[in-house]
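The chain contents come next:
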Amino acid sequence: MSRSGIFVVFYFILYLLVQVMLFKQLVLFNTAFCFVYVVFILMLPIETNPLILMGIAFLLGISIDIFYDSLGLHAMSLVLVAYVRNYLLATITPQGGYDAGEGPTLASNGLQWFLVYSIPLVFIHHFVLFFTEAGGFGVFWFTMLKVITSLAFTMTVILFLQYFSFERRR
Amino acid sequence: MQRLLNFFYEYRAFFTFLLLELFCAWLLIENNQYQSTKFFNSSNRLAANILSFSQGSREYFSLRQINEEVSRENSQMRTLLEQLTRDAQSASTKDSLVRYEFVSAKVLNNSVAQFKNYITINRGRDAGIEPGMAAISSFGAVGKVKAVSEHFSVLISILNIDEQVSSTLKRTGNFGTIQWDGTDPRLVNLLYVPRHVQPLVGDTVVTSGYNAVFPGGIMIGIIQDVKLKDEALFYDIRVELSQDFRRLSFVKIIKSKLKSELDSLETVTIGKVP
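From first to last, the protein sequence lines stand for chains V and B. Going by the working numbering, the residue at position 113 of the first sequence is 113; the numbering climbs one at a time, nothing skipped. In the working numbering, each residue's number is its place in the second sequence (first place is 1) plus 1000.
No lab work stands behind these hints: they were computed from the structure. Any given hint could turn out to be false.
Quick list of in silico lysine-lysine cross-link-like pairs, DSSO-like style, CA-CA up to 27 Å [to be verified]:
#, chain 1, residue 1, chain 2, residue 2
1, B, Lys1170, V, Lys24
2, V, Lys24, B, Lys1229
3, B, Lys1252, B, Lys1106
4, B, Lys1257, B, Lys1106
5, B, Lys1170, B, Lys1229
Pulled out of the complex, with its shape left as it was, chain V reads as follows (with noise of 0.2 Å):
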């Protein structure tokens, strides 16, 4: 296995375990959730082959689902959200294109373009993950408000994350 493999492994587990032990117990008013393990497949090189790319998403997903007991639902959106990137990557291409080898981060393309970038993503896992579990749009407004609330928690601690690593990288 090749060096990135290795690392795609370890951040892989990492993130999982992360999410349940810690942020499944962080819920702010009982409506903010923080998905951080989205970041994970955000973070994978640029040309990650998407068959791969959905692939490992479904694998980490159905991974959450098990400790969230509800199999099928993290997966689904975490699978919709790797299918999509990969346009979005082709849709908002900076200037001069991509660095090759380099991740789609924060560090390497400034502030502006990660939130173009992150936004939309973690908004579409949020809207499908919330409203797949209510299974439906019978409370449409609490719904919602989950959805937004969750989507600045998620989003925060994504940022938090992304200037914590860009300034050891420095």
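Based on the hints, put chain B in the right spot on chain V.
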């Protein structure tokens, strides 16, 4: 044929995506069906041990609260024991005593903020737990057993939008159904109470015992709000749960000794209908 294969190859990402999503949807639907003994939930050994470790480290911060709860439960039990010894002469209580057996278990994993909440506990098949049994705490009904493994089980909480509990108004004796709407973890709805009944704020709601899961008379909560719209057939009743699910640390699983007898009797009776 070649063209068809080319077409599939060209859109392979999309078709893989479709396949995975359909598989996930199938899992979701399959998982919603009540009672299963599948492996892929938090009762499997690895997941339960990780959750147990994480709960164990968090527990130190809530020891005081757990202590309080246990001592309160202790005093309740003492009162009950007192009553029972007083009633021991009259033989009528004997029947209900042997009908149910209790297994005490610790909560490893619990959530209240999702739409479908589940509870993982540290007892499983080896303690005699089976899917379909009822779970209560010292303050009221908690849920039903959904899946069991050798040493752990998963309960479907009352705070789950798919869960319905047959219940009755203690004062008037009318029946209704308790179901959560997914919003506030302290409140559930009491459905299907018809117009002619007069429920009041402060009335007690208990389980009806009309299914073999919950024994009758187990506390669910107290009515907090009663509304009746002009054209509605039924009341809109909000019930405040007597068990605060955010601070649930111990549950008791009820083993109904007569459940199989009741079930087989009902099957026979229904089976005989011409």
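Verification of the supplied hints:
Restraint check: the Cα-Cα separation between Lys1170 of chain B and Lys24 of chain V comes to about 38 Å, which exceeds 27 Å; the hinted pair is violated. This hinted pair does not check out: Lys24 of chain V and Lys1229 of chain B have alpha carbons roughly 39 Å apart, beyond 27 Å. Restraint check: the Cα-Cα separation between Lys1252 of chain B and Lys1106 of chain B comes to about 9 Å, which is no more than 27 Å; the hinted pair holds. The straight-line distance between the Cα atoms of Lys1257 of chain B and Lys1106 of chain B is roughly 22 Å, inside the 27 Å bound, and the hint therefore holds.
For the hint pairing Lys1170 of chain B with Lys1229 of chain B, the CA-to-CA distance comes to about 23 Å; that is within 27 Å, so the pair holds.
Taken one by one, the earlier hints fail for this structure at numbers 1 and 2, listed in ascending order.
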